[in-house]
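The primary structure of each chain is shown beneath.
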Amino acid sequence: MKKSLRFIFSSFAVCVVLLGILSWTSYQKIKDSTSYATSVEHTHEVMRKSEELISILKDFETGQRGYLLTREKVFLEPYYRAESQINNVYRTLRYEIRDNPLQIKRLDTLRSVILKKLRLLKVNIKQSDSDLIFDNDSFLQGKKEMDKIRVIVNRFQASERQLLAERKAMKDKNDSQTTFTLLMLSVFSFILLFVSFSLIFLELQRRLKFQHELENKVDELNRSNADLEQFAYVSSHDLQEPLRKIRAFSDRMIRKHAESLNDDGKETLEKITYSAERMQTLINDLLDFSRLVNRKEISFQDVNLQETVERIINDLSVKIEEKKAQINVEKLPYIWGVSFQLNQLFLNLVSNALKFTATDREPVININYSLVKGAEIKGIEKLRRELDYHKITVSDNGIGFEEEYAEKIFVIFQRLHGRGHYEGTGVGLAICRRIMTNHNGFIFAESQLGEGARFILYFPTK
Amino acid sequence: MSVFSILIADDDEDDKFLLKSAFEESGIDAPLSFVDNGQELMDLLNKAKKLPSIILLDLNMPKKDGREALKEIKENPKFRSIPILILTTSNSPEDIRNCYFLGANCFITKPSTFEGLMKVIDELNKFWFNIASIPTKL
Numbered sequence: 001m002k003k004s005l006r007f008i009f010s011s012f013a014v015c016v017v018l019l020g021i022l023s024w025t026s027y028q029k030i031k032d033s034t035s036y037a038t039s040v041e042h043t044h045e046v047m048r049k050s051e052e053l054i055s056i057l058k059d060f061e062t063g064q065r066g067y068l069l070t071r072e073k074v075f076l077e078p079y080y081r082a083e084s085q086i087n088n089v090y091r092t093l094r095y096e097i098r099d100n101p102l103q104i105k106r107l108d109t110l111r112s113v114i115l116k117k118l119r120l121l122k123v124n125i126k127q128s129d130s131d132l133i134f135d136n137d138s139f140l141q142g143k144k145e146m147d148k149i150r151v152i153v154n155r156f157q158a159s160e161r162q163l164l165a166e167r168k169a170m171k172d173k174n175d176s177q178t179t180f181t182l183l184m185l186s187v188f189s190f191i192l193l194f195v196s197f198s199l200i201f202l203e204l205q206r207r208l209k210f211q212h213e214l215e216n217k218v219d220e221l222n223r224s225n226a227d228l229e230q231f232a233y234v235s236s237h238d239l240q241e242p243l244r245k246i247r248a249f250s251d252r253m254i255r256k257h258a259e260s261l262n263d264d265g266k267e268t269l270e271k272i273t274y275s276a277e278r279m280q281t282l283i284n285d286l287l288d289f290s291r292l293v294n295r296k297e298i299s300f301q302d303v304n305l306q307e308t309v310e311r312i313i314n315d316l317s318v319k320i321e322e323k324k325a326q327i328n329v330e331k332l333p334y335i336w337g338v339s340f341q342l343n344q345l346f347l348n349l350v351s352n353a354l355k356f357t358a359t360d361r362e363p364v365i366n367i368n369y370s371l372v373k374g375a376e377i378k379g380i381e382k383l384r385r386e387l388d389y390h391k392i393t394v395s396d397n398g399i400g401f402e403e404e405y406a407e408k409i410f411v412i413f414q415r416l417h418g419r420g421h422y423e424g425t426g427v428g429l430a431i432c433r434r435i436m437t438n439h440n441g442f443i444f445a446e447s448q449l450g451e452g453a454r455f456i457l458y459f460p461t462k
Numbered sequence: 463m464s465v466f467s468i469l470i471a472d473d474d475e476d477d478k479f480l481l482k483s484a485f486e487e488s489g490i491d492a493p494l495s496f497v498d499n500g501q502e503l504m505d506l507l508n509k510a511k512k513l514p515s516i517i518l519l520d521l522n523m524p525k526k527d528g529r530e531a532l533k534e535i536k537e538n539p540k541f542r543s544i545p546i547l548i549l550t551t552s553n554s555p556e557d558i559r560n561c562y563f564l565g566a567n568c569f570i571t572k573p574s575t576f577e578g579l580m581k582v583i584d585e586l587n588k589f590w591f592n593i594a595s596i597p598t599k600l
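Chains as they are written, first to last, in the working numbering: chain R, 1 to 462; chain A, 463 to 600.
Among the hints, erroneous ones may be present.
[Stated by the list, open to error] Once the Cα atoms are required to be at most 30 Å apart in a straight line, the calculated DSSO-like pairs of lysine-lysine come out as: (1) R:Lys245 with A:Lys511; (2) A:Lys581 with R:Lys266; (3) A:Lys482 with A:Lys511; (4) A:Lys478 with R:Lys245; (5) R:Lys245 with A:Lys533; (6) R:Lys144 with R:Lys122; (7) A:Lys482 with R:Lys271; (8) A:Lys482 with R:Lys245; (9) R:Lys245 with A:Lys526; (10) A:Lys581 with R:Lys256; (11) R:Lys256 with A:Lys482; (12) A:Lys588 with R:Lys245; (13) A:Lys478 with R:Lys256.
Don't read these hints as lab results, they were simulated from the structure.
Starting from the given sequences, assemble the full structure and let the hints guide the process.
Written as structure tokens, this is what we have:
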């Protein structure tokens with residue numbers, strides 16, 4: 001699943017990059033279009049202005065002819081303006097073609113030819129004032145010059161037009177390239193986008209399906225748990241009934257028929273009764289254990305551990321006196337937990353300590369407390385390093401057990417001694433461990449044979 | 463002959479036998495009568511010329527269980543004065559609460575041993591027939 005997520009991210013990143021390229025390319029295209037439009041404008045301006053040069057000259061020539069024909073001064077109006085007009089147009093044109101040296105040279109040539117022609121025309125006019133003879137030659141000469149000017153202007157304009165054509169060709173080439181690139185990029189982006197979306201959608205579907213399955217599993221488990229609890233309750237009661245009868249009838253037999261029973265008979269019945277009794281205890285213990293596993297209706301609260309332990313010591317006072325045991329309890333904290341389970345836990349631990357006492361010394365049981373940081377506790381897999389833990393130690397000076405059994409003793413029904421030596425069904429420590437699990441805590445045992453045992457409990461703080 | 467009569471309602475043959483035996487061993491001479499379920503109990507009470515002094519009532523019986531019978535008896539002015547002693551295998555707090563709520567006079571969980579049963583019968587006899595007073599001539 002992680003791999004496809006990485007793919008989605010990278011394809012999105014590529015999309016972003018592509019969009020960037022798309023934007024930049026589009027921007028370039030617009031810039032190119034604008035600059036082409038500008039060069040079209042420029043070419044038109046050059047054409048217009050170069051035509052204007054000719055038309056100024058023509059105006060003057062026409063004026064001159066009119067004057068020569070009619071001697072009316074009105075025809076000389078262009079005479080005064082012509083030169084400065086030509087210079088103006090020249091300056092404009094010169095600016096327009098300023099980055100084209102060849103055109104500049106042409107323009108300069110054109111200007112000098114035009115000015116020469118202008119001067120010639122002016123000379124003609126002056127001459128005509130004194131002579132009354134029309135000089136055909138000079139008119140013919142004039143036409144030749146005009147043609148020359150025309151040729152230069154044509155060349156000038158042709159050059160300009162060619163420039164534009166070249167620019168257009170380049171623009172067209174760029175256009176098609178750019179268009180193609182843009183199209184490809186867009187298509188690719190869309191495809192990537194679509195692919196990413198599909199992947200995300202599929203991933204989402206998969207997760208939804210998992211979630212559904214999980215919810216179903218949880219429901220199933222809950223139902224299963226409820227069924228099991230019901231089953232345990234009912235079967236324990238149904239199992240108890242025949243056992244009760246075995247005990248009752250065996251017991252009655254011993255009472256009523258004591259005379260007709262010899263010692264062996266009595267002993268046999270006693271063994272039968274005892275077995276039935278043990279089975280009843282086993283069933284009750286199992287039922288207790290199964291109740292611990294079902295976490296449905298238990299409620300957590302701040303439990304005063306000090307009070308709990310004191311109450312247990314009180315409940316066990318008879319046994320404590322009988323064994324002449326000394327119990328020392330440090331100040332204990334409040335624990336976030338289930339009251340009756342914590343009760344059971346300490347009851348089991350202290351009962352065990354009272355049970356497995358050494359015969360040669362008076363039992364001493366210590367209950368100690370300290371607050372430790374999660375990070376300091378070593379060797380526990382599911383520990384949460386960031387939390388603090390309440391560490392409670394229940395230690396005794398009894399018979400202890402071999403270190404190698406430190407884990408085994410927590411297994412349900414596991415006993416380290418034969419059935420006859422110590423009472424109990426071997427469920428007590430399994431219950432203790434279950435209770436610790438219910439509280440998200442841990443329990444461990446340490447011991448040396450003959451030197452007492454230590455049970456260490458870790459409760460997480462909130 | 464004792465002036466008291468005891469009616470026992472229980473569906474289990476063995477339990478009936480054990481109770482009878484326990485009464486005999488204790489030397490109590492009050493006459494015992496038995497019914498198998500709540501329905502038989504109600505029928506017997508309705509038809510009886512003389513009502514029992516005390517009823518030992520089991521809870522889990524077919525047709526009509528002890529809880530229903532208890533309710534009916536204690537709601538009926540004719541029968542409600544009879545002391546009802548619940549004698550059952552159940553030890554659930556709900557049952558205990560519920561039975562007393564319905565008007566049971568006491569609740570006893572059947573012991574597992576014959577000895578225990580005898581002790582219970584003994585104590586019942588001592589308390590209900592010697593220490594406490596109960597209505598007669600119902």
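Structure-based check of all given hints:
1. R:Lys245 with A:Lys511: At roughly 35 Å apart (the allowed maximum being 30 Å), A:Lys511 and R:Lys245 break the hint.
2. A:Lys581 with R:Lys266: 21 Å, holds
3. A:Lys482 with A:Lys511: Judged against 30 Å, a Cα distance of about 23 Å means the pair holds.
4. A:Lys478 with R:Lys245: Holds: A:Lys478 and R:Lys245 sit about 12 Å apart, inside 30 Å.
5. R:Lys245 with A:Lys533: 29 Å, holds
6. R:Lys144 with R:Lys122: 17 Å, holds
7. A:Lys482 with R:Lys271: 26 Å, holds
8. A:Lys482 with R:Lys245: 15 Å, holds
9. R:Lys245 with A:Lys526: 24 Å, holds
10. A:Lys581 with R:Lys256: Judged against 30 Å, a Cα distance of about 15 Å means the pair holds.
11. R:Lys256 with A:Lys482: Holds: R:Lys256 and A:Lys482 sit about 14 Å apart, inside 30 Å.
12. A:Lys588 with R:Lys245: 25 Å, holds
13. A:Lys478 with R:Lys256: 17 Å, holds
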